[in-house]
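A.B. asks: Listed here are the chains, written in short residue letters.
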Amino acid sequence: MRESATAKAVLQKRKWELPALRSSGRRFELSRLFVAGAVAVIAFIALCAIAPQWIAPYSPTEMLADSLMQAPSAAHPFGTDYFGRDVFSLVVYGSRDSLFIGLMSVVVGGLVGGTIGALSGYIGGWFDTILMRIIDTLMTIPGILLALAIAAAMGPSLTNIVLAVASSAIPGYARVMRGQTMSINGRPYITAARSIGVSRFGIFRRHVLPNSLSPLLVMATLGIGSSILAGSGLSFLGLGLLKEIPDWGTLLSQGRGYLTVAWWICTFPGLAITLLVLAVNILGDWLRDRLDPKRKEA
Amino acid sequence: MVRAILGRALSSLLVVAGSSLLVFVIMYLLPGDPVDSLIDPSSATPEQIASLRHQLGVDRPLYVQLADYFGKLLQGDFGKSLLNSEPVLPKIVEHFPATLALAAASALLSVVAGVLLAVLSAVHRNRWIDVVARIVGLLGISMPTFWSGILLLLIFSVHLGWLPAMGSDGWRTLVLPAATLGLIGAGFIVRMVRNSMLEVVNEHFIVTLRSKGLSERSVMYRHALRNALIPAVTMIGMLVGEMLAGAVVIETVFSRQGIGRIVADAILAKDLPVVQGVIVFSAIVYVLVNLLVDISYSYIDPRVRRAA
Numbered sequence: 001m002r003e004s005a006t007a008k009a010v011l012q013k014r015k016w017e018l019p020a021l022r023s024s025g026r027r028f029e030l031s032r033l034f035v036a037g038a039v040a041v042i043a044f045i046a047l048c049a050i051a052p053q054w055i056a057p058y059s060p061t062e063m064l065a066d067s068l069m070q071a072p073s074a075a076h077p078f079g080t081d082y083f084g085r086d087v088f089s090l091v092v093y094g095s096r097d098s099l100f101i102g103l104m105s106v107v108v109g110g111l112v113g114g115t116i117g118a119l120s121g122y123i124g125g126w127f128d129t130i131l132m133r134i135i136d137t138l139m140t141i142p143g144i145l146l147a148l149a150i151a152a153a154m155g156p157s158l159t160n161i162v163l164a165v166a167s168s169a170i171p172g173y174a175r176v177m178r179g180q181t182m183s184i185n186g187r188p189y190i191t192a193a194r195s196i197g198v199s200r201f202g203i204f205r206r207h208v209l210p211n212s213l214s215p216l217l218v219m220a221t222l223g224i225g226s227s228i229l230a231g232s233g234l235s236f237l238g239l240g241l242l243k244e245i246p247d248w249g250t251l252l253s254q255g256r257g258y259l260t261v262a263w264w265i266c267t268f269p270g271l272a273i274t275l276l277v278l279a280v281n282i283l284g285d286w287l288r289d290r291l292d293p294k295r296k297e298a
Numbered sequence: 001m002v003r004a005i006l007g008r009a010l011s012s013l014l015v016v017a018g019s020s021l022l023v024f025v026i027m028y029l030l031p032g033d034p035v036d037s038l039i040d041p042s043s044a045t046p047e048q049i050a051s052l053r054h055q056l057g058v059d060r061p062l063y064v065q066l067a068d069y070f071g072k073l074l075q076g077d078f079g080k081s082l083l084n085s086e087p088v089l090p091k092i093v094e095h096f097p098a099t100l101a102l103a104a105a106s107a108l109l110s111v112v113a114g115v116l117l118a119v120l121s122a123v124h125r126n127r128w129i130d131v132v133a134r135i136v137g138l139l140g141i142s143m144p145t146f147w148s149g150i151l152l153l154l155i156f157s158v159h160l161g162w163l164p165a166m167g168s169d170g171w172r173t174l175v176l177p178a179a180t181l182g183l184i185g186a187g188f189i190v191r192m193v194r195n196s197m198l199e200v201v202n203e204h205f206i207v208t209l210r211s212k213g214l215s216e217r218s219v220m221y222r223h224a225l226r227n228a229l230i231p232a233v234t235m236i237g238m239l240v241g242e243m244l245a246g247a248v249v250i251e252t253v254f255s256r257q258g259i260g261r262i263v264a265d266a267i268l269a270k271d272l273p274v275v276q277g278v279i280v281f282s283a284i285v286y287v288l289v290n291l292l293v294d295i296s297y298s299y300i301d302p303r304v305r306r307a308a
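Residue numbers (the UniProt record's numbering), protein chains in the order written: chain A, 1 to 298; chain B, 1 to 308.
One should not assume that every hint holds.
Below, in silico cross-link-like pairs of lysine to any residue (SDA-like), each with a Cα-Cα straight-line distance of 25 Å or less [what the hints assert, rightly or not]:
no. : chain 1 : residue 1 : chain 2 : residue 2
1   : B       : K270      : A       : G238
2   : B       : K72       : B       : A50
3   : B       : K80       : A       : P156
4   : B       : K270      : A       : L163
5   : B       : K270      : A       : P156
6   : B       : K270      : A       : T159
7   : B       : K91       : A       : K243
8   : B       : K80       : A       : G238
9   : A       : K243      : B       : K270
Just so you know, the hints here were simulated from the structure itself, not pulled from any lab data.
Could you build the full structure based on these sequences and the hints that come with them?
C.D. replies: As structure tokens, this is what we get:
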């Protein structure tokens, strides 16, 4: 009786010494906290993108002549810029384009890359050989450089940034999807389906495709983060559209000239990018651990 | 062994040829006329445009342009700048050492910091060092370099005045850019090596070593780490691509000389031959480094040697 009480006390003491990190059950709560935070950040930024007027205290185009380049304060939590615009409102409104670039590049890149990979893996033969040689070759060109060249040749616009970022991501998606399609295609249940006379396309649509999708999904989630980074990088380098309401990358690059006098103009848009990408990556990691049975333990 | 290396070298050569071809085709297919960046199409007469197109050789059929392009590439002619007719390759060669120094310093930093953190993280699973490593891993892949670079610049140059904010001569100018770029690399490596350590730990040979009574230290550092590092070596090859691409942003942020800066400037000026030249050059560097990685593989991993 007394012994078990001591044991209990020891256990409790241990828990207290290393909160949230001791047992696997506790650790799970820590990851859950991360995931909950990530969902909250994404939800808030999504709300900013959908209804910025509900959140932003000022209009993003409103120039307050009496408050140019003011440091963060209660009235302007992120300060004001060189035109007297409220930086917080600019960041809130800028979320729309940044989020659009991230999501659309993944949708376009994932669809095109996934289709190429699935067809290549399922059809096989010379078709596969030729497609994969092209993909391998494309992979030797650093993604951002390819995106830069495409965006530069097509000129600055939101759609062109999406196309540029998407095409630089296509090879990666194609490779993953091809590998997965081929591995699924070799499973006994596919042979079984074939032996009972299911058509080639039927097997592909009903069995191969649905079972190959989860790695692509994980990759796409993690890809949203890198697409946002790549897209804002392109705008930072001056390939963004010069609009009244700039996206985060453009906002940051415009603030760069005032770095020594007004640190807040570039700091907050960058913080917004980092938070969003961080949240998406946490969610992507979580999804990967859930969907991949091999990694569930790890 | 020599035959295997020669074979790999030959296929690398083919890949380089392939990527030069792809870059050319992509640039050819993209909308937008190279002439547009030289003259304003609305004010020029059609004759002026036509004569300029003829001068640049873009009015010739695709296969003629392609043959010309490859013929010149083989002679080391990467084309000329549209703006000042300066040949592209000498300019790249002149500025490449600065970018190489940046890439090498960043790669070194990411490998040392990344592997160290990953190992500590896997050995002390779920302890604070593991949490730190995972946060570094996540932040490394989530922070835009143009932002983390600006923050470092703000703290260490503007406020503390410890390091120069710009320039590309001397090691002091290299610290901040390399730290910025190294952090991303470290992030990728921490995630990768930590995962492969955790996977290796579950393998039978580790269980065997433990049951033999080997100390945990010996199991982790002598056996698990060596096996976990094999995929990390591949990462180093891929990292070079990231570093070359990252240089475009970093060299702009820190006003450094280098081939990344050349691209960034050429893009704003719509000087496509320069952009194209640097991309082909980067692809060659990338393929070369990966060839070296492949060769070093057979020294690190005996299984690869036997297969070759």
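A.B. asks: Take the hints in turn and mark each one as holding or not.
C.D. replies: Hints versus structure:
| no. | hint | result |
| --- | --- | --- |
| 1 | B:K270 / A:G238 | 12 Å, holds |
| 2 | B:K72 / B:A50 | 24 Å, holds |
| 3 | B:K80 / A:P156 | 24 Å, holds |
| 4 | B:K270 / A:L163 | 18 Å, holds |
| 5 | B:K270 / A:P156 | 11 Å, holds |
| 6 | B:K270 / A:T159 | 18 Å, holds |
| 7 | B:K91 / A:K243 | 34 Å, violated |
| 8 | B:K80 / A:G238 | 23 Å, holds |
| 9 | A:K243 / B:K270 | 20 Å, holds |
Hint 7 from the list above is the single one not met by this structure.
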